[in-house]
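Those sequence lines, one after another, are chains A and B. Read in order, the letters of the first sequence are residues 1 to 213 in UniProt numbering. Read in order, the letters of the second sequence are residues 1 to 213 in UniProt numbering.
Do not rely on the hints blindly, as some may be mistaken.
Identical chains blur together in the list; that is why a pair holds if it fits in one copy or across any two.
No more than 20 Å apart at the CA atoms, straight line, and that leaves these computed lysine to any residue pairs for SDA-like [said to hold, decoys possible]:
no., residue 1, residue 2
1, K111, G11
2, K4, E172
3, K87, D102
4, K130, Q179
5, K130, L149
6, K87, N202
7, K4, R190
8, K87, F100
9, K9, V171
10, K4, A180
Since the hints were derived computationally from the structure, they do not count as laboratory data. Quantities reported herein were computed from a predicted structural model and do not represent experimental measurements.
Number of protein chains: 2
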Amino acid sequence: MLDKMEFVKPGDIEARSMEIITGELGDTGWKEPELSVVRRCIHTSADFDYNINLKFSKDACKKGIMALRNGADIVTDTRMAMAGINKRRLAEHGGQVHCFIDDETVLREAKERGMTRSAICMERGAAIKKPVIFVIGNAPTALIRLYELVQNGEVKPELVIGVPVGFVNVVESKELFMQADIPWIIAVGRKGGSNVAAAICNALLYYKDEVEF
Amino acid sequence: MLDKMEFVKPGDIEARSMEIITGELGDTGWKEPELSVVRRCIHTSADFDYNINLKFSKDACKKGIMALRNGADIVTDTRMAMAGINKRRLAEHGGQVHCFIDDETVLREAKERGMTRSAICMERGAAIKKPVIFVIGNAPTALIRLYELVQNGEVKPELVIGVPVGFVNVVESKELFMQADIPWIIAVGRKGGSNVAAAICNALLYYKDEVEF
Numbered sequence: 001m002l003d004k005m006e007f008v009k010p011g012d013i014e015a016r017s018m019e020i021i022t023g024e025l026g027d028t029g030w031k032e033p034e035l036s037v038v039r040r041c042i043h044t045s046a047d048f049d050y051n052i053n054l055k056f057s058k059d060a061c062k063k064g065i066m067a068l069r070n071g072a073d074i075v076t077d078t079r080m081a082m083a084g085i086n087k088r089r090l091a092e093h094g095g096q097v098h099c100f101i102d103d104e105t106v107l108r109e110a111k112e113r114g115m116t117r118s119a120i121c122m123e124r125g126a127a128i129k130k131p132v133i134f135v136i137g138n139a140p141t142a143l144i145r146l147y148e149l150v151q152n153g154e155v156k157p158e159l160v161i162g163v164p165v166g167f168v169n170v171v172e173s174k175e176l177f178m179q180a181d182i183p184w185i186i187a188v189g190r191k192g193g194s195n196v197a198a199a200i201c202n203a204l205l206y207y208k209d210e211v212e213f
Numbered sequence: 001m002l003d004k005m006e007f008v009k010p011g012d013i014e015a016r017s018m019e020i021i022t023g024e025l026g027d028t029g030w031k032e033p034e035l036s037v038v039r040r041c042i043h044t045s046a047d048f049d050y051n052i053n054l055k056f057s058k059d060a061c062k063k064g065i066m067a068l069r070n071g072a073d074i075v076t077d078t079r080m081a082m083a084g085i086n087k088r089r090l091a092e093h094g095g096q097v098h099c100f101i102d103d104e105t106v107l108r109e110a111k112e113r114g115m116t117r118s119a120i121c122m123e124r125g126a127a128i129k130k131p132v133i134f135v136i137g138n139a140p141t142a143l144i145r146l147y148e149l150v151q152n153g154e155v156k157p158e159l160v161i162g163v164p165v166g167f168v169n170v171v172e173s174k175e176l177f178m179q180a181d182i183p184w185i186i187a188v189g190r191k192g193g194s195n196v197a198a199a200i201c202n203a204l205l206y207y208k209d210e211v212e213f
């Protein structure tokens, strides 16, 4: 079995993976920086459905990249996404990641108001007094609450990465959010998750080319 | 759009999700505790491929559950899996999670020996002097190195959860490990990842029924 394996040096594994993904994708019509995002989502999941699922509002990637380069913070509803986002790269630009899900005041308030902790986390994020990118990899309730906050003018995110995963109101929450007049990246359908959320952030953080408007 | 949504109380969302998954799966032939593992992998990914991809050596789930209840530690190659595993539940039994990937000595040794950090992490795990479950959600090189350690008699894991994801030697590393004569849970093919790795651990940690041999 070992002799069937391809020899790839440790430092070259990611590049080789991207080469395989690019080859199998063929000509998709994606341009950069969207193509980098699509590829990294497939890289983290081995699921080519992300070639079809991912939707971008106009210039969402460029706007996200610019926001990150200008030091935007990231607010996420999941500890796993927080663990996966390249915080060193983010900090180089002046940003940091926040996940309020384990905050005791969030837990208490969620119970009192009959809401999910994830939804309360979005309110905490909306109170941050600097540019913020919201990254939702778990709970559709967070995406719905964030939509309400946006519509009420209580927050104006630089970008929303809306990739909650699951079966209860996930599809609907994404369709709802795509109506918002702010930059968004959404994986339509049931699929998504913290790995996809982190992958999209990292694709934007790693994007090397100049981004112009 | 909001009026199309199903009203489910925050505390009931997971149960409702599992109900939907069970309904769509239909009669799969899975028995418990394997069924709980399959369902939780689908829950974390919305990908029903895990109904087909997941393979279990004889009594792997039971053995894993018993090991966790007896206080086994978990060693993983990914920070995201570490973030996702229910550490409070694990600690109730006396276990803890280790991820050595950011250890500076691991980085140095990987460079010196021309290996991946993930592979060196398995060696660190093998040196732990108590029962250990190995959980590989990222790197096939970790699964390959662990196989060598097992074959050389240098470690005898209680269970190996082998769900690396990707395109370079991932399929082959899993086929290789399924030859090992220790308990394993493997997602064959390219798919897997840190979310799936954490989901399998949590399915075993949350399993409520008595497990008998």
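Hints versus structure:
1. K111 x G11: between (47 Å within a copy, 10 Å between copies)
2. K4 x E172: between (45 Å within a copy, 7 Å between copies)
3. K87 x D102: both (19 Å within a copy, 13 Å between copies)
4. K130 x Q179: Neither, since 24 Å and 54 Å both go past 20 Å.
5. K130 x L149: Within one copy only: 16 Å inside a chain, 50 Å across chains, cut-off 20 Å.
6. K87 x N202: Only inside one copy: K87 and N202 sit 9 Å apart there, 26 Å across copies, limit 20 Å.
7. K4 x R190: between (36 Å within a copy, 16 Å between copies)
8. K87 x F100: This pair counts as both: shortest intra-copy Cα distance 16 Å, inter-copy 18 Å.
9. K9 x V171: For K9 and V171, the Cα distance is within 20 Å only across copies (18 Å; inside one copy 40 Å).
10. K4 x A180: between (50 Å within a copy, 17 Å between copies)
Hint 4 alone, counting from the list given before, is not met by this structure.
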